[in-house]
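Asker: Chain by chain, the residues run as shown.
There are 2 protein chains.
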Amino acid sequence: MIDTFEIVGLVAAFLTTSAFVPQVYKAWKTKSTESLSLPMYLIFFIGIMLWLIYGFHLNSLAMIVSNIITGILALLLIILKIKHQ
Amino acid sequence: MIDTFEIVGLVAAFLTTSAFVPQVYKAWKTKSTESLSLPMYLIFFIGIMLWLIYGFHLNSLAMIVSNIITGILALLLIILKIKHQ
Numbered sequence: 000m001i002d003t004f005e006i007v008g009l010v011a012a013f014l015t016t017s018a019f020v021p022q023v024y025k026a027w028k029t030k031s032t033e034s035l036s037l038p039m040y041l042i043f044f045i046g047i048m049l050w051l052i053y054g055f056h057l058n059s060l061a062m063i064v065s066n067i068i069t070g071i072l073a074l075l076l077i078i079l080k081i082k083h084q
Numbered sequence: 000m001i002d003t004f005e006i007v008g009l010v011a012a013f014l015t016t017s018a019f020v021p022q023v024y025k026a027w028k029t030k031s032t033e034s035l036s037l038p039m040y041l042i043f044f045i046g047i048m049l050w051l052i053y054g055f056h057l058n059s060l061a062m063i064v065s066n067i068i069t070g071i072l073a074l075l076l077i078i079l080k081i082k083h084q
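Protein chains in written order, with numbering that gives the first Met the number 0: chain A, 0 to 84; chain B, 0 to 84.
Take the hints with a grain of salt, since some may be wrong.
As the list claims (entries may be wrong) - Distance condition first, Cα-Cα at most 20 Å in a straight line; then the derived SDA-like pairs of lysine to any residue:
#	chain 1	residue 1	chain 2	residue 2
1	A	LYS28	B	THR3
2	A	LYS28	A	ILE78
3	A	LYS82	A	PHE13
4	A	LYS80	B	ILE6
5	A	LYS82	A	VAL64
6	A	LYS80	A	LEU37
7	A	LYS30	B	SER31
8	A	LYS80	B	LYS82
9	B	LYS30	A	GLU33
10	B	LYS80	A	SER31
Bear in mind the hints are in silico, worked out from the structure with no lab data behind them.
Being a predicted model, the structure only gives us computed values, none of them experimental.
All chains, please: the whole structure from these sequences, using the hints.
Answerer: Following this line, the structure appears as structure tokens:
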């Protein structure tokens, strides 16, 4: 049986990853990115790549999958920000 | 001696937490929050609170500290977004 706290961790990973979907959708749909901070997403993206390395080290599928998806979403926001600024 | 991968994890935690500082600064300084997605930060904040619970369960000081700080920064962005929208 899966530990209750492991479910909390999986739900946490799901929420902090999927949170970026409405932000990508909004930036793509409205082309409005002026209040987005480019330094935030650059620092965040580098951090996510390090979490991914750490996830591979821990052999944690949840960490690997969620950080790959979050990394793609952060990269999309960086591209949209540079394109529309 | 601390494992190299533990350092990677600590740097990752530092970067994904501190990334929100330039975003909070920008939103506070410019009062511009229209391209920020409120659903993103609400979902993200709930996710961070679950990571915090998971961090307490794992007795991971790095997870506890970084998620408390990230939670405060996300909450500040939610307040600024609601205030200036």
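Asker: Now, for every hint given, state plainly whether the structure supports it.
Answerer: Results of checking the hints against the structure:
1. A:LYS28 x B:THR3: At roughly 42 Å apart (the allowed maximum being 20 Å), THR3 of chain B and LYS28 of chain A break the hint.
2. A:LYS28 x A:ILE78: holds (14 Å)
3. A:LYS82 x A:PHE13: violated (28 Å)
4. A:LYS80 x B:ILE6: violated (31 Å)
5. A:LYS82 x A:VAL64: With a Cα-Cα distance of about 27 Å, the restraint between LYS82 of chain A and VAL64 of chain A is violated, given a limit of 20 Å.
6. A:LYS80 x A:LEU37: Holds: LYS80 of chain A and LEU37 of chain A sit about 7 Å apart, inside 20 Å.
7. A:LYS30 x B:SER31: holds (15 Å)
8. A:LYS80 x B:LYS82: Status violated; Cα separation ~24 Å.
9. B:LYS30 x A:GLU33: holds (11 Å)
10. B:LYS80 x A:SER31: holds (15 Å)
This entry does not satisfy hints 1, 3, 4, 5 and 8, going by the numbered hints stated previously.
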